[in-house]
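Asks: Below, each chain spelled out in residue letters.
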Amino acid sequence: MLTELGHYALILATCIAAAQVIFGFWGAQRRHLAVMQAADQATLVTFALVVLAFAALMQAYIVSDFSLRTVWQNSHQDKPLIYRIAGTWGNHEGSLLLWTLILTLFSACLVLAGRGLPTTLKARVLGVQGVIALGFLSFMVLTSNPFLRQATLPIDGEGLNPLLQDIGLALHPPMLYLGYVGFSMAFSFAVAALIEGRVDPAWGRWVRPWTLTAWVFLTAGITLGSWWAYYELGWGGWWFWDPVENVSFMPWLSGTALLHCAIVVEKRDAMKVWTILFAVLTFSLSLVGTFIVRSGLLTSVHAFAVDPERGRYILMLLALSIGGSLGLFAIRAPIFKPGGIFAPISREGALLINNILLAIAAAIVFYGTLWPLVVEAMSGQKITVAGPFYDRTFVPIMVPVVILMGIGPFLTWKRADAGAVAQRLGLVLGITTLVVIAVLFLRRGGAWLPYVGIGLAVWLITAAAVEWLDRVGVWKGRFAGLGRRILRTPNAAHGMSLAHAGLGIAIIGMVGSTSWSLETITAMAPGDTADLGQHCVRFNGVNQAQGPNYSAQVGDLTVLRNCQNDWLALAPEKRAYPVRAMGTTEAAIISRWNGDYYVALGDEQDGKRVVRAYFRAYVPWIWLGGIVMVIGGLFSLSDRRLRLGIPRRVQAPAKGATGSPALATAKVDGGAA
Amino acid sequence: MAYSRKTQRLLFISVGLGFAAVAVVFMALAFSSTAAFFRTPSELVADDQAGSQRYRLGGLVETGSVVKQGSQTDFKVTDCQASLLVRTNIILPDLFREGQGVVAEGKLNASGVFEADKVLAKHDENYMPKDVADKLKQQGVWQGGGGC
Numbered sequence: 001m002l003t004e005l006g007h008y009a010l011i012l013a014t015c016i017a018a019a020q021v022i023f024g025f026w027g028a029q030r031r032h033l034a035v036m037q038a039a040d041q042a043t044l045v046t047f048a049l050v051v052l053a054f055a056a057l058m059q060a061y062i063v064s065d066f067s068l069r070t071v072w073q074n075s076h077q078d079k080p081l082i083y084r085i086a087g088t089w090g091n092h093e094g095s096l097l098l099w100t101l102i103l104t105l106f107s108a109c110l111v112l113a114g115r116g117l118p119t120t121l122k123a124r125v126l127g128v129q130g131v132i133a134l135g136f137l138s139f140m141v142l143t144s145n146p147f148l149r150q151a152t153l154p155i156d157g158e159g160l161n162p163l164l165q166d167i168g169l170a171l172h173p174p175m176l177y178l179g180y181v182g183f184s185m186a187f188s189f190a191v192a193a194l195i196e197g198r199v200d201p202a203w204g205r206w207v208r209p210w211t212l213t214a215w216v217f218l219t220a221g222i223t224l225g226s227w228w229a230y231y232e233l234g235w236g237g238w239w240f241w242d243p244v245e246n247v248s249f250m251p252w253l254s255g256t257a258l259l260h261c262a263i264v265v266e267k268r269d270a271m272k273v274w275t276i277l278f279a280v281l282t283f284s285l286s287l288v289g290t291f292i293v294r295s296g297l298l299t300s301v302h303a304f305a306v307d308p309e310r311g312r313y314i315l316m317l318l319a320l321s322i323g324g325s326l327g328l329f330a331i332r333a334p335i336f337k338p339g340g341i342f343a344p345i346s347r348e349g350a351l352l353i354n355n356i357l358l359a360i361a362a363a364i365v366f367y368g369t370l371w372p373l374v375v376e377a378m379s380g381q382k383i384t385v386a387g388p389f390y391d392r393t394f395v396p397i398m399v400p401v402v403i404l405m406g407i408g409p410f411l412t413w414k415r416a417d418a419g420a421v422a423q424r425l426g427l428v429l430g431i432t433t434l435v436v437i438a439v440l441f442l443r444r445g446g447a448w449l450p451y452v453g454i455g456l457a458v459w460l461i462t463a464a465a466v467e468w469l470d471r472v473g474v475w476k477g478r479f480a481g482l483g484r485r486i487l488r489t490p491n492a493a494h495g496m497s498l499a500h501a502g503l504g505i506a507i508i509g510m511v512g513s514t515s516w517s518l519e520t521i522t523a524m525a526p527g528d529t530a531d532l533g534q535h536c537v538r539f540n541g542v543n544q545a546q547g548p549n550y551s552a553q554v555g556d557l558t559v560l561r562n563c564q565n566d567w568l569a570l571a572p573e574k575r576a577y578p579v580r581a582m583g584t585t586e587a588a589i590i591s592r593w594n595g596d597y598y599v600a601l602g603d604e605q606d607g608k609r610v611v612r613a614y615f616r617a618y619v620p621w622i623w624l625g626g627i628v629m630v631i632g633g634l635f636s637l638s639d640r641r642l643r644l645g646i647p648r649r650v651q652a653p654a655k656g657a658t659g660s661p662a663l664a665t666a667k668v669d670g671g672a673a
Numbered sequence: 001m002a003y004s005r006k007t008q009r010l011l012f013i014s015v016g017l018g019f020a021a022v023a024v025v026f027m028a029l030a031f032s033s034t035a036a037f038f039r040t041p042s043e044l045v046a047d048d049q050a051g052s053q054r055y056r057l058g059g060l061v062e063t064g065s066v067v068k069q070g071s072q073t074d075f076k077v078t079d080c081q082a083s084l085l086v087r088t089n090i091i092l093p094d095l096f097r098e099g100q101g102v103v104a105e106g107k108l109n110a111s112g113v114f115e116a117d118k119v120l121a122k123h124d125e126n127y128m129p130k131d132v133a134d135k136l137k138q139q140g141v142w143q144g145g146g147g148c
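Protein chains in written order, with the numbering used here: chain A, 1 to 673; chain B, 1 to 148.
The following block holds chain A by itself, in its conformation from the complex (with noise of 0.2 Å):
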């Protein structure tokens, strides 16, 4: 009953999402105030139905409602409720569906937190939502049906993939989605900009929160899926530049330019161009990302089952959006007057070089994901470029970016004195300096390359401390009323010390474990021990234990510090599920500061048990970076002027006032970045 009342709500979704398209567009064009607000009231309703569906639909997963297809296909009843709740999204139907549910909940939050906004600019925006959300809901009703029903009813489900039960399907796909729908915010705000032909200040501020709640949840997305793919075996590690890790990671890399030039367009009325382009192209990357895993064009652990019908459909809504918004971009962007003009050594010219450099590494890895599709439509030759490629061409392009990073904070806006900021570049390199040689001295040696990157790393963390200081006061020897300065400080300028910083931290696990991970493998008997490092691994045994769903046999190995004493315990597990008729291996690991203890069960043999030891260098510091960087949007995110002085357009922008930001509130602004 439920089910067929989520079928017919997400049906009436779709007819709703058509209104909320036609008000919208047409109450603004019209300028017609009822209509707009009609709107609004078909963008609350939408949301509400999708809701419903989408509640129905779990409701249907929790209570193993088999008789619906995509039930049957990915659940079981002896799942536990996690995973049959997490299961709702874990496969083609249903994910869709959670895509759809976030965009919903998106355009319904832009209804009720934007009274502030203009009421055209609202609707329209309202409408480009209504537009996305059309196409997604009219794709699941004709294609991809979640409420599919089957004729026979079957006894029990055919289970979810194993490899899948993991608290990393629970969180990965939601916050990853977050982020990718989040985007779509501003891309209908600059479609919407680019409709009325006006692109200011104002806008920028409004742009902002949204494109920064999208990067917080993406950023958080892409960790949880490294961190997932680290400790499942067999997926390649925190990163493998797998196509469909690299889907995510281009609007990551197109968001965060985008960010950055909002924030020039909003206080510099500069880069209206760049940022209106930066909006379009993250939000299609994002759409190209979705359905690259759900068409099946790559190879990898994501694709779900396609038919032709499916990837037709796709093809022809990523044409539309893309093409539609591209389109409307070519024509309109030239009307957008060029705003205040900057030197090139100025906070403007270092976002607008690293912007451009972004943007050259987005490509690298669009090239490298699809090129291979390009090769094989024309020679039939089937090609994969992996690791060694972006190694070659990503990695160099990111060393002028962490560079330009450290520097950029420390430049004025307009013209920076570059005397004042040698000073205190000065000062980061040569802490940087110590820094470098103290590590090489603690290691003693190795080679040279990942010092380089080390430095790189340490240079971001102390240019961001180093500014940060200098923000809040403290080198003009000025303690007195420090805490104060710094609660005074924008929450913006905190983040972006923050965001920084946790990049350079991130930068030291993924060089460290790149280069400094020691593992060994060898077949061991209850009692034997195996180096590992300047520390040991001592093999005790398997013992037995039973799941809820499996049956496992658990290791039991010890470190010894030094080779000594007895230090870390570690319980890996071979897992078998029945309803599957398939195995998983669940590595055991420890954390410390300067690395993990990571231990994997493999076969016997002759009485000996496979034993895979590794010690994974810094990589926690990868997991940390990721998670300052999430705090530091987090607080740019809380920044008071984002919430308090809902920004008003000024009636008359001032004729060349270049020097004046065109806000209301810009008098709480502090100079923050």
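In short, the hints are calculated from the structure, not lab data.
Honestly, I wouldn't trust all of these hints.
Facing chain A, according to a computed beta carbon distance under 10 Å, are these residues of chain B, among others [what the hints assert, rightly or not]:
(1) Arg9
(2) Leu11
(3) Val45
(4) Gly64
(5) Ser65
(6) Lys68
(7) Gln72
(8) Cys80
(9) Lys107
(10) Glu115
Yeah, the Cβ is synthetic: ideal placement off N, Cα and C, and Gly gets one too.
Add chain B to chain A, keeping to what the hints say.
Replies: The following block gives chain B in isolation, referenced to the frame of chain A:
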């Protein structure tokens, strides 16, 4: 030199183009030396010049061919016409199973053994990587399901 909007634009465009040119050179160099070609066992066996190049070998894991010895695993990849011995030291993914699809990445050594440094068994619920399924369907050996 007067610093005008024109100068500004010219400056940043040239910097941007410079970076883009460098990136294109990097990509061109890296692509030719790191891209791996996808081959089936019969194609690779027939190819005399299959020496130093990196390949992705796709096919089915031949039933009964998996031999584990310490950290080393040997198995045969077959496309139902020819099969090729693969040797690897890495952890095999949980989805690796006899009679099912697999993609191994590595090089052919002098004695004709494919030394893989990467073994992928990532695939959809039909247990068949797309690359493999396409190739096998093309050759008309595989119509779905596992095994030859």
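Asks: Compare the structure with the hints numbered earlier in the document and write down the numbers of the violated ones, lowest to highest.
Replies: 3, 4, 5, 8, 9 and 10
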